[in-house]
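K.L.:
Now for the letters of each chain:
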Amino acid sequence: MKALKLIPILALGVFLTACESLKPNVVVVLPEQNGHVGAVVVTPAVGGSATVLDKPYAAVHADAGGKPEAVAMDQAKVDKVFGQVLAARPIPPKSFLLYFQEGSDELTAESKPIFEQVFAEIARRPAADMVVIGHTDRVGNLLDNDNLALKRAGSMRDALVRRGVAADVIAIAGRGEREPLVATADGIAESRNRRVEISVR
Amino acid sequence: MNRIGGLALLLLSAIWMPAAAQEASIGKVKNASGAVFAERDGVRRALQPGDNLTQNDTIVTQANSAVGITFADNSMMSLGSDSVLALDRFQFDSTTNEGRFSSRLLKGTLAVKSGKIVQQTPEAMTIGTKAALLGVRGTEFVVRAEESQ
Numbered sequence: 001m002k003a004l005k006l007i008p009i010l011a012l013g014v015f016l017t018a019c020e021s022l023k024p025n026v027v028v029v030l031p032e033q034n035g036h037v038g039a040v041v042v043t044p045a046v047g048g049s050a051t052v053l054d055k056p057y058a059a060v061h062a063d064a065g066g067k068p069e070a071v072a073m074d075q076a077k078v079d080k081v082f083g084q085v086l087a088a089r090p091i092p093p094k095s096f097l098l099y100f101q102e103g104s105d106e107l108t109a110e111s112k113p114i115f116e117q118v119f120a121e122i123a124r125r126p127a128a129d130m131v132v133i134g135h136t137d138r139v140g141n142l143l144d145n146d147n148l149a150l151k152r153a154g155s156m157r158d159a160l161v162r163r164g165v166a167a168d169v170i171a172i173a174g175r176g177e178r179e180p181l182v183a184t185a186d187g188i189a190e191s192r193n194r195r196v197e198i199s200v201r
Numbered sequence: 001m002n003r004i005g006g007l008a009l010l011l012l013s014a015i016w017m018p019a020a021a022q023e024a025s026i027g028k029v030k031n032a033s034g035a036v037f038a039e040r041d042g043v044r045r046a047l048q049p050g051d052n053l054t055q056n057d058t059i060v061t062q063a064n065s066a067v068g069i070t071f072a073d074n075s076m077m078s079l080g081s082d083s084v085l086a087l088d089r090f091q092f093d094s095t096t097n098e099g100r101f102s103s104r105l106l107k108g109t110l111a112v113k114s115g116k117i118v119q120q121t122p123e124a125m126t127i128g129t130k131a132a133l134l135g136v137r138g139t140e141f142v143v144r145a146e147e148s149q
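Chains as they are written, first to last, in UniProt numbering: chain A, 1 to 201; chain B, 1 to 149.
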């Protein structure tokens, strides 16, 4: 008789635990390393107004067929529910900036040791690949600078391959004058913008 | 000379053809533990670190499994156990940083950090679940979805 009385209480306990730790559909915004928090816009599949999540640990529970409901989340709860998937996050890409002597594809003296650091970073990562991105200053037109940026990236890729990096893990890109480190007016020569970025990931 | 030239051209096209037929890689597996697969056109292949992924791959993890992926625009995703993620659309122009990245989490847990596509065009990255569509304006977040019926 005693055992029978216990059954409903036990069942309720299991139910509460399931609710507490297992909201089936949930989205949680995380704080980023640099303190910047963006936003996720959650639009219910059934239609209706969207919810914007733009604070660290802002979260909604969205059931199919219902309106998203705010859920209280914190780091401890996130670690409990999402610990396994968070542990599987890849190492974030790391970027290295290399500068060129004017009118040549020869690195500046300051950039040569940076080039060596790239190899240490490649060695540290599982299944490393990289993208080499060429940039120019704003002398010349957009199309010419796109070509020049790609040429600079290509010359750095060749340098990596000569040092034993497999060609098939290197992608190249030319951003031309679109992403200056130092903002200038069009037509201005600026050595800090004549650079190649190697993003190791 | 002509014959040699023709032969060289033939050899060149033989080298080029398979590369042209292959679909572009949109991302690379960085870590995988347990049983992790990519499915495409009914064919399932086991995933290991270093493997490339293409648009229309569906990533599947089984119990006690996880996978981490870095995409061409530097966005990153990881999937936890018993999860299914369909990579429906990935386009990225590395010159302009413009693109689109649409995926669907059919079940399981997913951690996301957005990359250059979102930096250039907020909400150009979306993740669909059965319950809601998530538009990414540039952030790191986690999602859990119940199994689609």
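It is worth saying that the hints were derived from the structure and are not from the lab.
Just so you know, these numbers come straight off a predicted model, no measurement behind them.
C-beta: ideal position from N, C-alpha, C; glycine also.
Warning: the hint list may mix true and false statements.
To give an idea of the chain B side of the interface with chain A (calculated C-beta under 8 Å), a few residues [unchecked claim]:
1. 39
2. 42
3. 63
4. 78
5. 86
6. 102
7. 109
8. 144
9. 145
K.L.:
It remains to establish, for every hint, whether it holds in the given structure.
P.N.:
Here is what the structure says about each hint:
{"no.": "1", "hint": "39", "verdict": "19 Å, violated"}
{"no.": "2", "hint": "42", "verdict": "27 Å, violated"}
{"no.": "3", "hint": "63", "verdict": "11 Å, violated"}
{"no.": "4", "hint": "78", "verdict": "4 Å, holds"}
{"no.": "5", "hint": "86", "verdict": "15 Å, violated"}
{"no.": "6", "hint": "102", "verdict": "14 Å, violated"}
{"no.": "7", "hint": "109", "verdict": "4 Å, holds"}
{"no.": "8", "hint": "144", "verdict": "5 Å, holds"}
{"no.": "9", "hint": "145", "verdict": "6 Å, holds"}
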